[in-house]
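In case you want the letters, here they are:
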Amino acid sequence: MSPHTPKPEAGAAAPAGQRGRRTGPAEFWFRFRKNKLAVAGLVVVALYTLMAIFADQLYSYDFVTENQIPNAFAGIGQKTDVDWHDAQVPHVYILGADNFGRDILGRIVHGARVSMIIGFTTIAFAVLVGGGLGAIAGYYGGSIETVIMRGTDILLAIPNILFALAIVAALGPSFQNLLLAIGVTSIPVYVRLVQAQVLTVKGQEFVEAARALGARDFRIIVFHIVPNCMAPVIVQATLGIAQSILSATALSFLGLGIQPPAPEWGNMLSDARSYITSAPHTLIFPGLAVMTVILAYNLVGDGLRDALDPKLKR
Amino acid sequence: MSEPQLSVRELVTQYVTDEEVVHAVNGISFDLAPGDSLGLVGETGAGKTTTAYSIMGLLPKPTGRIAGGAVLFEGRDLVRASEEEMRTIRGNQISMIFQDPMTSLNPIFSVGDQIAEVLEIHGTSGRSDALARAGDMLELVGIPRERMSEYPHQFSGGMKQRVVIAIALACSPKLLLADEPTTALDVTIQAQVLRMIKDLKARLNTSLILISHDLGVVAQVCDKVAIMYAGKIVEYGPMADVFKAPLHPYTEGLFNSIPRLDVDHDRLSPIKGLMPDPAQLAEGCVFAPRCPYARELCAARPPAITECRGRKVMCLMREGLVEDRMGVGDE
Chain A
1 MSPHTPKPEA
11 GAAAPAGQRG
21 RRTGPAEFWF
31 RFRKNKLAVA
41 GLVVVALYTL
51 MAIFADQLYS
61 YDFVTENQIP
71 NAFAGIGQKT
81 DVDWHDAQVP
91 HVYILGADNF
101 GRDILGRIVH
111 GARVSMIIGF
121 TTIAFAVLVG
131 GGLGAIAGYY
141 GGSIETVIMR
151 GTDILLAIPN
161 ILFALAIVAA
171 LGPSFQNLLL
181 AIGVTSIPVY
191 VRLVQAQVLT
201 VKGQEFVEAA
211 RALGARDFRI
221 IVFHIVPNCM
231 APVIVQATLG
241 IAQSILSATA
251 LSFLGLGIQP
261 PAPEWGNMLS
271 DARSYITSAP
281 HTLIFPGLAV
291 MTVILAYNLV
301 GDGLRDALDP
311 KLKR
Chain B
1 MSEPQLSVRE
11 LVTQYVTDEE
21 VVHAVNGISF
31 DLAPGDSLGL
41 VGETGAGKTT
51 TAYSIMGLLP
61 KPTGRIAGGA
71 VLFEGRDLVR
81 ASEEEMRTIR
91 GNQISMIFQD
101 PMTSLNPIFS
111 VGDQIAEVLE
121 IHGTSGRSDA
131 LARAGDMLEL
141 VGIPRERMSE
151 YPHQFSGGMK
161 QRVVIAIALA
171 CSPKLLLADE
181 PTTALDVTIQ
191 AQVLRMIKDL
201 KARLNTSLIL
211 ISHDLGVVAQ
221 VCDKVAIMYA
231 GKIVEYGPMA
241 DVFKAPLHPY
251 TEGLFNSIPR
261 LDVDHDRLSP
271 IKGLMPDPAQ
281 LAEGCVFAPR
291 CPYARELCAA
301 RPPAITECRG
311 RKVMCLMREG
321 LVEDRMGVGD
331 E
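Chains as they are written, first to last, in my numbering: chain A, 1 to 314; chain B, 1 to 331.
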């Protein structure tokens, strides 16, 4: 017997066994983990999320919205007594205080809550509405498609921030209107993305096969087409979260988002910009918060794209 | 002979676009008794797949349309059935196997779920029953039940096609349409899959329409064969008879294009020319431009379906209008 004979058998058996072990989420996590930057991004996102969830435990909301004028522009790590519930309480300003003597770290922590909620709800809204419209347009085609896609084109023709500005200006600045404005402006991207995906997926034979099995349109769209379109949508959504946090910050900066004294990163930046030379820490830390969250979401998005890309599989 | 289960009568299917009308199927008729198997053979573009899609009511919208004729399935006309009725028939009473197993399975669902899906769609069983039955179906096609939770990419091509067969047969359909089920597979797997289709067909008493461009494949599985050319059935009869002595020049041409073990060939003699453009069909016999026996009359007069030795043939030579030079001796 030739010495080579046993080898192919052993080689053929091993990969089959390996492939069998890792499927679905496990395989996805295995590939995602290889991208160290993406994992770092995920850690940062998780930290900010935890911070947002436990904001009330870390800093009292009243404390970060109440003026402490005597401590205005307290430096980083400064220890002073503050007025709190009619008493003098010792307090450490870990990241200093702003022009009203409010704790910057405290405001960043509570601002995270606003930003995380905005990031999540606006994108969830945009993905559901935009994805749904895109799937319908892509699957049915014809005049339904024309109406949806041309509508999308009109939305796309207006610059995002201008459109959001118009919505907030018309409905008045409030948290709900801010969510609505950012959510609506995020829709067109998902309509286009999902429609394009559906067009490629619906031509595939398994869709025809599903129809040959007697499946209804609804079942074909929801169970066969949409799940096969999800990879780019998930990636776009993580990038979109960063984008909508930024939009909210921009709107707040312009005075149309979260209204003072409620803490939000955008209005913190807006308040602090007058003191950029005299008290740069009032500007730097909220700026860093915005930057790190957006960077983290982008890294996670990149990692997801790599992990979900079928061309990089196996 | 028992009542035909499926009777296709004068079926005409067209694809209508703004520029032209493509005559894909031009008045074909055939009957299929329960448990029968029919092979539809022809070149690319002969209208084989369109025939299958017409039966299933799956013609691409809005271009495809059935312009005439009827498809009677157990006495019910499928051409006039509503979409709702068709849905209850598809996958349940008539199933279809597609050409390419690589793409006819959904890549993101486990094969067990995909087999169970058809059972759920037709409400024959609940979720857990459906999954149990999916396991049975997998075993029926020779795949261990344990592999139910695996995904299509973990199977080889031949195994995928067996999964597709399992899906098609899950609801014990009365009729199975197999559209080139082995074209995407290599020869050894092809034989395996064909044997399986044949076995299961016999066990489940399913009738079968097998579409193929490969006469060898049809010979392995079918009792009857219909040779299609330019949307017409040019010869239709029992498989063995057609193979032994073709009555239509096109059938003869097809056989001459295949090497035979018992004959010494220097060169094979393929059929010269190409299929006519189905958007512009000639007036007379559609095969006349390529037919080695064609006479002037052939280009002018369309042949009628003629009974000849228990077969149906569309050729003027069989109608006795043109001299028979094919050398088909009288028996």
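Rather than coming from a laboratory, the hints here were simulated on the basis of the structure. Note that the Cβ used here is the ideal one computed from N, Cα and C, for glycine as well. There may be inaccurate statements among the hints.
Think about it this way: if two alpha-carbon atoms lie no more than 30 Å apart in a straight line, the pair counts; the simulated DSSO-like pairs of lysine-lysine are [unchecked claim]:
#, chain 1, residue 1, chain 2, residue 2
1, A, K202, B, K61
2, B, K244, B, K312
3, A, K202, B, K174
Covered stretches of chain A, as calculated for chain B (at least 3 residues, CB under 8 Å) [what the hints assert, rightly or not]:
#, stretch
4, 154-162
5, 224-234
Simulated DEER-style distance windows between Cβ atoms [what the hints assert, rightly or not]:
#, chain 1, residue 1, chain 2, residue 2, range
6, A, D153, B, A202, 26 to 34 Å
7, B, T17, A, M291, 53 to 61 Å
8, A, P227, B, S156, 43 to 51 Å
9, B, K61, A, V147, 52 to 60 Å
10, B, K61, A, D153, 20 to 28 Å
11, B, Q154, A, T49, 33 to 41 Å
12, A, R150, B, R267, 57 to 65 Å
13, A, Q176, B, G142, 54 to 62 Å
14, B, D277, A, K36, 40 to 48 Å
15, A, K34, B, Q192, 50 to 58 Å
16, A, D153, B, D18, 20 to 28 Å
17, A, D62, B, S125, 53 to 61 Å
18, A, P25, B, P60, 31 to 39 Å
Against the structure, the hints:
1. A:K202 <-> B:K61: It holds: about 13 Å lies between the C-alpha atoms, which stays within 30 Å.
2. B:K244 <-> B:K312: With a Cα-Cα distance of about 15 Å, the restraint between B:K244 and B:K312 holds, given a limit of 30 Å.
3. A:K202 <-> B:K174: holds, 28 Å
4. 154-162: violated (count 0)
5. 224-234: Answer holds; 3 residues pass the 8 Å Cβ test.
6. A:D153 <-> B:A202: 26 to 34 Å: The hinted range 26 to 34 Å is violated for A:D153 and B:A202, with Cβ atoms some 58 Å apart.
7. B:T17 <-> A:M291: 53 to 61 Å: holds, 55 Å
8. A:P227 <-> B:S156: 43 to 51 Å: violated, 24 Å
9. B:K61 <-> A:V147: 52 to 60 Å: Check failed, 19 Å falls outside 52 to 60 Å.
10. B:K61 <-> A:D153: 20 to 28 Å: holds, 25 Å
11. B:Q154 <-> A:T49: 33 to 41 Å: Hint holds: Cβ distance 35 Å, inside 33 to 41 Å.
12. A:R150 <-> B:R267: 57 to 65 Å: Since the Cβ atoms of A:R150 and B:R267 sit about 59 Å apart, the hinted range of 57 to 65 Å holds.
13. A:Q176 <-> B:G142: 54 to 62 Å: holds, 60 Å
14. B:D277 <-> A:K36: 40 to 48 Å: violated, 59 Å
15. A:K34 <-> B:Q192: 50 to 58 Å: For A:K34 and B:Q192 the Cβ distance comes to about 39 Å; the hint is violated.
16. A:D153 <-> B:D18: 20 to 28 Å: holds, 25 Å
17. A:D62 <-> B:S125: 53 to 61 Å: At 60 Å between Cβs, range holds.
18. A:P25 <-> B:P60: 31 to 39 Å: Between A:P25 and B:P60, where Cβ atoms are some 36 Å apart, the hint holds.
Hint check: violations occur at hints 4, 6, 8, 9, 14, 15; the rest are consistent with the structure.
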